[in-house]
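Asker: Below are the chains, spelled out letter by letter.
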Amino acid sequence: MDKLLYGVAYYDEYMPYDRLAEDIRMMKEAGINTVRIAESTWSTHEPQNGVFDFSSVDRVLDAMHEAGIRVIVGTPTYAVPAWMVKEDPAVLAETAAGGPGRYGARQIMDITNKTYLFYAERIIRKLIGRVKDHPAVIGYQTDNETKHYDTAGPNVQLRFVKYMREKYGSLDVVNRRFGLDYWSNRIDSWEDFPSVNGTINGSLGAEFARFQRGLVTEFLAWQVGLVREYARPDQFVTQNFDFEWRGHSFGVQPSVDHFEAAQPFDIAGVDIYHPSQAKLTGAEISFGGDMTRSLKGSNYLVLETQAQAFPDWTPYPGQLRQLAFSHLASGANMVAYWHWHSIHNSFETYWKGLLSHDLKPNPVYDEAKTVGRDFARLSEQLVNLKKKSDVAVMVSNEALTALEWFKLPGGLKYNDVVRWMYDELYKLNVQCDFIPASCKRLADYRMIVVPALYAAPDDTLERLNAYVRDGGHVVYSFKSGFADDVVQVRAAQQPGIIHEACGVGYSVFVEPDAVALRDGALSFDPEAREVRTWMELLTPTTAEALAYYDHPHWGTYAAVTRNRYGAGTATYVGCMTTADAMRRIFREALASADLLGADQELVFPIVVKTGVNGQGRVVRYYFNYSDAPVTLRYPHGAGRELLADVPVETGDSLQLGRWDVKIVVAEV
Amino acid sequence: MDKLLYGVAYYDEYMPYDRLAEDIRMMKEAGINTVRIAESTWSTHEPQNGVFDFSSVDRVLDAMHEAGIRVIVGTPTYAVPAWMVKEDPAVLAETAAGGPGRYGARQIMDITNKTYLFYAERIIRKLIGRVKDHPAVIGYQTDNETKHYDTAGPNVQLRFVKYMREKYGSLDVVNRRFGLDYWSNRIDSWEDFPSVNGTINGSLGAEFARFQRGLVTEFLAWQVGLVREYARPDQFVTQNFDFEWRGHSFGVQPSVDHFEAAQPFDIAGVDIYHPSQAKLTGAEISFGGDMTRSLKGSNYLVLETQAQAFPDWTPYPGQLRQLAFSHLASGANMVAYWHWHSIHNSFETYWKGLLSHDLKPNPVYDEAKTVGRDFARLSEQLVNLKKKSDVAVMVSNEALTALEWFKLPGGLKYNDVVRWMYDELYKLNVQCDFIPASCKRLADYRMIVVPALYAAPDDTLERLNAYVRDGGHVVYSFKSGFADDVVQVRAAQQPGIIHEACGVGYSVFVEPDAVALRDGALSFDPEAREVRTWMELLTPTTAEALAYYDHPHWGTYAAVTRNRYGAGTATYVGCMTTADAMRRIFREALASADLLGADQELVFPIVVKTGVNGQGRVVRYYFNYSDAPVTLRYPHGAGRELLADVPVETGDSLQLGRWDVKIVVAEV
Amino acid sequence: MDKLLYGVAYYDEYMPYDRLAEDIRMMKEAGINTVRIAESTWSTHEPQNGVFDFSSVDRVLDAMHEAGIRVIVGTPTYAVPAWMVKEDPAVLAETAAGGPGRYGARQIMDITNKTYLFYAERIIRKLIGRVKDHPAVIGYQTDNETKHYDTAGPNVQLRFVKYMREKYGSLDVVNRRFGLDYWSNRIDSWEDFPSVNGTINGSLGAEFARFQRGLVTEFLAWQVGLVREYARPDQFVTQNFDFEWRGHSFGVQPSVDHFEAAQPFDIAGVDIYHPSQAKLTGAEISFGGDMTRSLKGSNYLVLETQAQAFPDWTPYPGQLRQLAFSHLASGANMVAYWHWHSIHNSFETYWKGLLSHDLKPNPVYDEAKTVGRDFARLSEQLVNLKKKSDVAVMVSNEALTALEWFKLPGGLKYNDVVRWMYDELYKLNVQCDFIPASCKRLADYRMIVVPALYAAPDDTLERLNAYVRDGGHVVYSFKSGFADDVVQVRAAQQPGIIHEACGVGYSVFVEPDAVALRDGALSFDPEAREVRTWMELLTPTTAEALAYYDHPHWGTYAAVTRNRYGAGTATYVGCMTTADAMRRIFREALASADLLGADQELVFPIVVKTGVNGQGRVVRYYFNYSDAPVTLRYPHGAGRELLADVPVETGDSLQLGRWDVKIVVAEV
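Chains A, B and C supply the protein sequences, listed in that same order.
My numbering numbers the first residue of the first sequence as 1 and each following residue consecutively.
My numbering numbers the first residue of the second sequence as 1001 and each following residue consecutively.
My numbering numbers the first residue of the third sequence as 2001 and each following residue consecutively.
Since the hints were made in silico from the structure, they are not lab data.
Fair warning: there could be bad hints in the mix.
Derived lysine to any residue pairs resembling SDA-like cross-links, with alpha carbons at most 20 Å apart [what the hints assert, rightly or not]: (1) C:K2003 x C:G2068; (2) B:K1360 x C:T2541; (3) B:K1413 x A:E348; (4) C:K2028 x C:H2065; (5) C:K2279 x A:P552; (6) C:K2086 x A:R165; (7) C:K2360 x A:P540; (8) C:K2086 x A:N175; (9) A:K279 x B:A1516; (10) C:K2360 x A:I497; (11) C:K2413 x B:E1348; (12) B:K1086 x C:A2096; (13) B:K1360 x C:V2508; (14) B:K1413 x A:P540; (15) B:K1369 x C:V2508; (16) C:K2407 x B:A1105; (17) B:K1086 x C:Q2157; (18) A:K279 x B:R1617; (19) C:K2413 x C:A2283; (20) C:K2407 x B:W1351.
Generate coordinates for the entire structure from the input sequences, incorporating the hints supplied.
Answerer: In structure tokens form, the structure reads like this:
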């Protein structure tokens, strides 16, 4: 990217009156240099079947170009027009909850339906064909937050049966590996294969979820192929990925394999939404950034993030600035708000944009102006930040799905385990990449963190064993290695294959009821010892116990262990601990891996993010994620703080106000 | 009305054995002088299609007449016979949740279905034609607690499309005003108009809700027309309106526009149910009474209220008496229990009547006898109470519906805001009317209270501005004036049009998180300062701040403001406060409007209600809604306490026992 | 039974690899002498329509026989193969929630569907015909945990109409007894009879539930008839009954009339699951055992109970032993685990068996070995324990269903009332039988406890009156006698017919709000006086008040009464009390019935269970259901403690460790 992009999603079509010129004037004033258009408004562009009207696109492109604002054009396929559904209601996805669907919302279609695909191809060709030569257009976004929308009707079931035959060859294999004898679910003729919408077989259910994720990968690759027929060489193609949604971006996306789906794109895009005001921690920005940067191993675009958004998210003064730089610090080259203006009708009226409904300046817009100024001023030093991680977190859609079928107690889900581990790395200022379970480049990292890798093929686990043997350090949570790639529990002592590197075994697990950690080789803060939700009764074979359970009956078992294996170590955390205890365990593991440095002496709410800029200089971001000012001693070599544009020497005090940020670029 | 009516709903058809004579004997003993019959028993009166059996009607009419008890006959159309549904299942309403419906409950039919309307017309003509000349019959009730039952099948959708074309003329207007470009919902051909059952467009959803309320208005007017073809001039036609139900009567009825639907009736009727025992406050009786009195601007009938009802409602000794007089104090001319006896089968077995299942006297029945005696004795002085209110509360079905689409945080609904304001007026002994947003007679009132008027046409808001300018006083809650009549948020600084009278603006709103009121021009009790659920960050232009927010970031914004505008004042309450703080604000606004009097010096649990009787004398009701005796100094001129039949002089002590009532009629 | 059976459910079909020989070796080591097979695996035995493969049955039977392990063969009809549903989807039950059903789970078929019955008969004949002569087979289980699965489609509705005509003769009777005039539900032509899936008539709904229970009785009798065509005289036929499920076995089974359904079986079987670890009380084992023993008035089989099961159930050391003997102490002749191994796929992966997924020994398996040894050693003394109860608890499916329609406040259900009473008898070490409301042998008992007998025919209540008159003692809870057999509330003063023996009346009932018991003839612990959920305002006629209500308005009413009537007493508990207060009332009633003995001087967590063995000697089990050791003085004549094999003299101290058991057999 030649410069930092500061952007908004812009919907000329939604405006209550014509204000394009005024909007552009206000955008310029705020330093907005990029807009995203068109991804939601198919019915405007094709008001009747085969009748096209791109006038709003044309006029926005021309006006933006004249103003020097760049445009990303989205294919408008994630929300279908009423006429299409009226002509062929089968366009709407039938899900396991039943069908047919009802018209109204976005993301309700069957992405395998041929009518839908016919019309989608036509609108894509028409739209991209029209705009491709426009000088304002710098790239394309295919669809938006694409998922499979639980499509599971008879046509999808039919494809799934063919997929199963293709993948497993024979019903004998399927019956055996999926355990179909159980409860009389055996299938001895392909014609008998039942719809899996009612299945109680977790292996089958998980396989169907994987198949559905494959539909998304296929659909996106098909769109990229279409767009590439038109795109100029200088134009990129991206996708707006998103995360498991718990009222905000939370964790690994259940419905899409991000690593697979990202393959055909030039650059990864993402939307990141997060709690704000007193609940702002920056953790979601860091999580989402690390994940998206890892998809293509390079810088990424934040295609959507919040400006004012919900009443409980409206940023405190200073937070909007802090957030913009937080995205850059994780490797983003673009920060764009959803959206420019607040919408006056329909559904997302309270998801407010940079402008409120009055379309006038407001305190948040005014703060954005300072961001725009600084982005423009500092673009050269901050764009294309290169980040190198010593630590990787291994995540898995398969493990996530399997733990939906075989739930942990108390509603604990896969992403709770992921975030329980990730967030402590974040608070320790440990820079992470994310890697999929299929990753072969384990040796790129000094330490790998593996949350709840419940279902995984043998070779993944064997690679992890080899990684440790060769000097790597792994920190596993409970439940890792339990089942194979078709969610068949391993018929060996747990934790199965990784037992070899972990030097620990168990066959019994219980729910904790007033259980605490008891010190083994590690000592824990008395306040932080509570054991929650799940505990495995570990018996070390070659491992040492870092902690035991404090309990009248389970007290002889280990809770957390560490094993030297070959040239490395494997730490196994057999229970859900407090955040503080998890951090304590990480600190110990990082020490083993020789990964403790100056950044780990700072503690949250101070957050440090680091990278190397295009001039080869180290850039260090310091954030204060709190409502109280903090001071820290700057431990590195001489540099320059960019926002205040002042020199910084080793040992200087850096003072950060509430919700503040400072950026120090090294002198050399 | 020539006298007070004391009544019961009576179902001879439900009796486990023939006890008509015994029931009438016991009714007479209790002073019951009116019964309501027939509204639930279509299948008894038409056991087979076209076969009619009115024997239970005939015998009840004759026996009641002989006993001097009057009868209100209901049309039995709100519960359909099994044979009708068997012959034509389409009689049952298809709702947005799906269809077809299932037979069993009442209020499950499509009130636009032609089969249903055919049979309904026939049974109405047969029944009313048969009873019209009977001397016992004093009036008719059409249907019962009529609503639209969410009817939303294809036939209703078709009518809705025609309604939209009729109302808005062109799809261009609809697309623009309803914001249909959003998420590709645009419609460019009437044939494409989708069923709104799946819509995510709040403007469209709210319009459909208004259309559905129109179906109720139309249905009731049609019934009134039929009944009037038969009714004698001395017979009235009424309807049994009811309220939003939250386990008891709570607030504005979402499914019916009471003001519109009440037009064709001679007199408004209502059912009012409310918590009892230690939870009895009288607020629902006052709310329901004020609302129903306002529909026709005159006295009304309480067609149903509780006798024993639920186990948690069974009145404490004294409460049944207190309740009966509470209804009269709000302007009721009839108090009738649902129902005479408790039902031995089916569904409402635990909604007990005046008699328990044993059909014998019981403590509640014994208390009713004292009520009956007093009603008879005091009828002349208490009937036809005229009430004049200086204060009106403006309510709106449109605002209610819009806030269902655009929900306030924490499950707060329109009626919570209405009751938050109304209940404090009640506790201040301020007599209120209710007026619809379309009301043109604003000048009839000295003060108008406007809770959460979220969606309203321009002219309503302009009338409110003019009202203030001309010397009126308005108290607005947050969210008033936000959107227009099609729930399009106004593209002007909030609170939009009413900003003119309020002298305050805002464009940002947040959810309070540990926020309190900070004193401005008003001071608040430290215990009462909590800000709840919603807060708008107000910036006064010409207004003065009555309160600010106490918060590290939002502390510069006002929370409550008052503006002098023309000859009046507009108070704007920008957040949800405690009940005490709301009362404090009202007391201030009442002072501005010169509406504080002797009654406002008494505080809840003492409740005062006032009116003028047929002899032109002021009647004052004093209630003690508590379990502890209270004493008050009687501040008015000499009068007579009717229940004890003793004189009262200015300054006398009035002593009220627990759950007690006293009625003082002025001497002149 | 010739010896104690120690068993497991065994699924060779589910094993991840061939381990039959190893499994048998490990079973023998654990003392397992019986396995149950085949009840879940129809699709394995009939992989295609009409193609049979009993090889897994054959090889297991042969291998077990060779090892001296007995086999119970289950008919595999409770889980249908995919091919059947593909051929005829109508096999799946349509329920009141809709249809058609979806394939996947077990227990989803319409047990009246003729296709299903055709295939079920064929597989039963094939399987039983094949195994009947095998020497390993000692008996058969028909189906498994059979219920009606809410089948309620049009075919079932049609049968129900015929059932109604057969039972009640005329619609006049139905309309009158079921109160169908209410809400226009009257039916005047059989053709109009609506599906009851939408009914709001509790009488009709309860009748349909009774009809559905009859379908289960009929289905099981049909299976028994088929199996008996093949069974050898030395082979038994049993059924695996189960209970209302609340995450574990809780109370009376709503969907099956156990007393009726048990008729055709030789011996009753049951599954019992219960909380464990610190929540283990033994109450469910006692409840389930007493119920199942009562079905045939003899010993029974525990066909399923937990080994490791869920993570929160994994037994503490010692508990598995204690549980096994607890079942014997209630009269079981078999204790079998569900199941031998833990399942590696599908649905119940976390319902762990005796073996974990690694199929290796583990602490629970090791403890089972000690049970197996002791069962074998002590079989002769412990098998066929005869138990005689002086107290019976009268239970009723009809009352349970009626209270589903007419719910008690706060979610309180019939079985909560049953367990509230039963559990205190259990804690008082009072041995109980269960009897149905239709029981004629009341005189067999000295005391009868009647929880919430809400709906009952006149003759049941008259028998209870006569029982008291003749010297029996009854303890009724609130709500007893309220309605008749078609759930029509009695039109007499409550508690209706039983008023005669109880000497108490009421017509008003309320929900308690800060109400306590006030001492009458009985005194209560101040801590135990809270009144919960429901209270009837009792007025004694001839009864004495054991307790009153402490309340400002209801204080004159009695809460608990006792009446001498004829030669007996009737205690009426008019409200839900604390457990302690209920126990206090029982202690008083037991004293009246002269039923207090040495066992009642011991208190929970010490539990005593008694019976007479085949040698005519009294066997006394002493359990400590707690985590702290206890000591008790042995009060009976000299005996021998069997587990330690030591003599016990009168007055000896018996010391029980945590979760311990001792078994003393009398010398003579």
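Asker: Between K2407 (chain C) and A1105 (chain B), is the straight-line Cα distance small enough, at 20 Å or below?
Answerer: Distance of about 18 Å is within 20 Å: holds.
Asker: Please work out if K279 (chain A) and A1516 (chain B) have their alpha carbons no farther apart than 20 Å.
Answerer: Holds, because 19 Å separates the two Cα atoms, which is no more than 20 Å.
Asker: Can you confirm whether the C-alpha distance between K2413 (chain C) and E1348 (chain B) stays at or below 20 Å?
Answerer: 18 Å, holds
Asker: Check whether the Cα positions of K1360 (chain B) and T2541 (chain C) lie no farther apart than 20 Å.
Answerer: Holds. K1360 (chain B) to T2541 (chain C) sits at ~16 Å (cutoff 20 Å).
Asker: Tell me if the straight-line CA distance from K2407 (chain C) to W1351 (chain B) falls inside 20 Å.
Answerer: 12 Å, holds
Asker: Would you check the hint for K2086 (chain C) and N175 (chain A), treating anything up to 20 Å between C-alpha atoms as holding?
Answerer: 18 Å, holds
Asker: Mind checking the alpha carbons of K1413 (chain B) and E348 (chain A) for me, to see if they're no more than 20 Å apart?
Answerer: Judged against 20 Å, a Cα distance of about 18 Å means the pair holds.
Asker: Sort out whether V2508 (chain C) lies within 20 Å of K1369 (chain B), counting only the CA atoms.
Answerer: 18 Å, holds
Asker: Need the status of pair K2360 (chain C), I497 (chain A): alpha-carbon distance at most 20 Å?
Answerer: With Cα atoms ~16 Å apart, K2360 (chain C) and I497 (chain A) stay inside 20 Å; holds.
Asker: Between K1360 (chain B) and V2508 (chain C), is the straight-line Cα distance small enough, at 20 Å or below?
Answerer: 11 Å, holds
Asker: Please verify whether K2028 (chain C) and H2065 (chain C) have alpha carbons no more than 20 Å apart.
Answerer: 12 Å, holds
Asker: Just to be careful, I want the Cα atoms of K2413 (chain C) and A2283 (chain C) compared with a cutoff of 20 Å; is the pair within it?
Answerer: 18 Å, holds
Figure legend: structure checked against the earlier numbered hints; hints not met, in rising order: 14 and 18.
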